[in-house]
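*Asks:* Sequence:
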Amino acid sequence: MAVLLNVVFLVTAFFLCSSEAQNDFSKLPESFKKGVELAVEQVNSHTGVQSHFLFFKSIEKSSIEAGFDVVYIYHNYYVKATKCSRGTKNADPKKCAFRNDRPLIDCAMCYKLYGGVIEKDPKPYVHCVHKPALTEEMKKIRVEHCNSGAYGNGASTLLASTGTQN
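Take the sequence shown: its position 59, counted from the start at 1, is 59 in my numbering, and no numbers get skipped.
Careful: at least some of the hints might be erroneous.
Unchecked claim - Listed next, the in silico PhoX-like pairs over lysine-lysine satisfying Cα-Cα at most 20 Å (straight line): (1) Lys34 <-> Lys89; (2) Lys34 <-> Lys123; (3) Lys27 <-> Lys95; (4) Lys94 <-> Lys27; (5) Lys34 <-> Lys61; (6) Lys57 <-> Lys131; (7) Lys34 <-> Lys140; (8) Lys27 <-> Lys57; (9) Lys61 <-> Lys139; (10) Lys61 <-> Lys27; (11) Lys33 <-> Lys94; (12) Lys33 <-> Lys120; (13) Lys123 <-> Lys33; (14) Lys57 <-> Lys94; (15) Lys83 <-> Lys95; (16) Lys139 <-> Lys57; (17) Lys131 <-> Lys61; (18) Lys94 <-> Lys83; (19) Lys33 <-> Lys57.
Claimed, not checked - Derived Cβ-Cβ restraints for the label pairs, each shown as a range: (20) Met138 <-> Lys94: 31 to 39 Å; (21) Gly87 <-> Ala150: 30 to 38 Å; (22) Arg102 <-> Glu136: 16 to 24 Å; (23) Asp92 <-> His145: 28 to 36 Å; (24) Asp121 <-> Asp101: 37 to 45 Å; (25) Asp92 <-> Ile141: 14 to 22 Å; (26) Lys95 <-> Pro122: 34 to 42 Å; (27) Glu119 <-> Lys83: 31 to 39 Å; (28) Gly67 <-> Pro132: 37 to 45 Å; (29) Ala97 <-> Val129: 20 to 28 Å; (30) Arg99 <-> Val70: 32 to 40 Å; (31) Val70 <-> Gln50: 34 to 42 Å.
It should be emphasised that the hints constitute simulated quantities derived from the structure, not laboratory data. Glycine residues also receive a C-beta, built at the ideal position from the N, C-alpha and C atoms.
Based on the provided sequences and hints, a complete structural model is requested.
*Replies:* Printed below as a string of structure tokens:
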């Protein structure tokens with residue numbers, strides 16, 4: 001009986017985690033979703049990738065509204081492999097369950113939006129790496145890049161702005 005309860009608990013926890021990740025993406029503001037979609041597209045287009053990856057969880061996000069419909073975005077989040085193969089169309093966690101046998105990919109990106117559209121200049125910065133390989137030096141480089149003049153507006157910097165950390 002105890003084994004059966006454990007199995008039921010694990011199955012329930014699995015489905016709650018999958019739906020929570022989907023809900024997390026659906027709760028993101030549109031300005032953050034656009035960046036996630038760009039990064040996930042890049043991860044899934046990599047030649048070495050065999051599974052389809054989806055957004056999993058936000059770690060930290062911030063934005064600066066610079067005026068004149070310009071917004072600077074910083075977003076650090078995880079993407080996770082699914083059981084679907086690379087190239088799956090219209091993938092979501094309900095159709096493609098997350099795999100737990102692969103490491104998370106930690107992504108950090110910063111970009112400029114004008115009129116709700118990601119600008120090509122400055123080029124959006126996307127840095128994704130398997131979480132076990134992420135070093136403190138890499139994190140420092142990410143922060144320095146996103147705080148550089150290309151993504152800052154005057155004295156403000158993306159990581160000094162108010163945002164949320166999960």
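*Asks:* Now, for every hint given, state plainly whether the structure supports it.
*Replies:* Quick rundown of the hints versus the structure:
| no. | hint | verdict |
| --- | --- | --- |
| 1 | Lys34 <-> Lys89 | holds, 17 Å |
| 2 | Lys34 <-> Lys123 | holds, 14 Å |
| 3 | Lys27 <-> Lys95 | holds, 19 Å |
| 4 | Lys94 <-> Lys27 | holds, 16 Å |
| 5 | Lys34 <-> Lys61 | holds, 13 Å |
| 6 | Lys57 <-> Lys131 | holds, 13 Å |
| 7 | Lys34 <-> Lys140 | violated, 24 Å |
| 8 | Lys27 <-> Lys57 | holds, 11 Å |
| 9 | Lys61 <-> Lys139 | holds, 14 Å |
| 10 | Lys61 <-> Lys27 | holds, 13 Å |
| 11 | Lys33 <-> Lys94 | holds, 18 Å |
| 12 | Lys33 <-> Lys120 | holds, 17 Å |
| 13 | Lys123 <-> Lys33 | holds, 17 Å |
| 14 | Lys57 <-> Lys94 | holds, 16 Å |
| 15 | Lys83 <-> Lys95 | holds, 9 Å |
| 16 | Lys139 <-> Lys57 | holds, 18 Å |
| 17 | Lys131 <-> Lys61 | holds, 18 Å |
| 18 | Lys94 <-> Lys83 | holds, 11 Å |
| 19 | Lys33 <-> Lys57 | holds, 12 Å |
| 20 | Met138 <-> Lys94: 31 to 39 Å | holds, 33 Å |
| 21 | Gly87 <-> Ala150: 30 to 38 Å | holds, 33 Å |
| 22 | Arg102 <-> Glu136: 16 to 24 Å | holds, 23 Å |
| 23 | Asp92 <-> His145: 28 to 36 Å | holds, 31 Å |
| 24 | Asp121 <-> Asp101: 37 to 45 Å | holds, 40 Å |
| 25 | Asp92 <-> Ile141: 14 to 22 Å | violated, 32 Å |
| 26 | Lys95 <-> Pro122: 34 to 42 Å | holds, 35 Å |
| 27 | Glu119 <-> Lys83: 31 to 39 Å | holds, 35 Å |
| 28 | Gly67 <-> Pro132: 37 to 45 Å | holds, 41 Å |
| 29 | Ala97 <-> Val129: 20 to 28 Å | holds, 24 Å |
| 30 | Arg99 <-> Val70: 32 to 40 Å | holds, 38 Å |
| 31 | Val70 <-> Gln50: 34 to 42 Å | holds, 39 Å |
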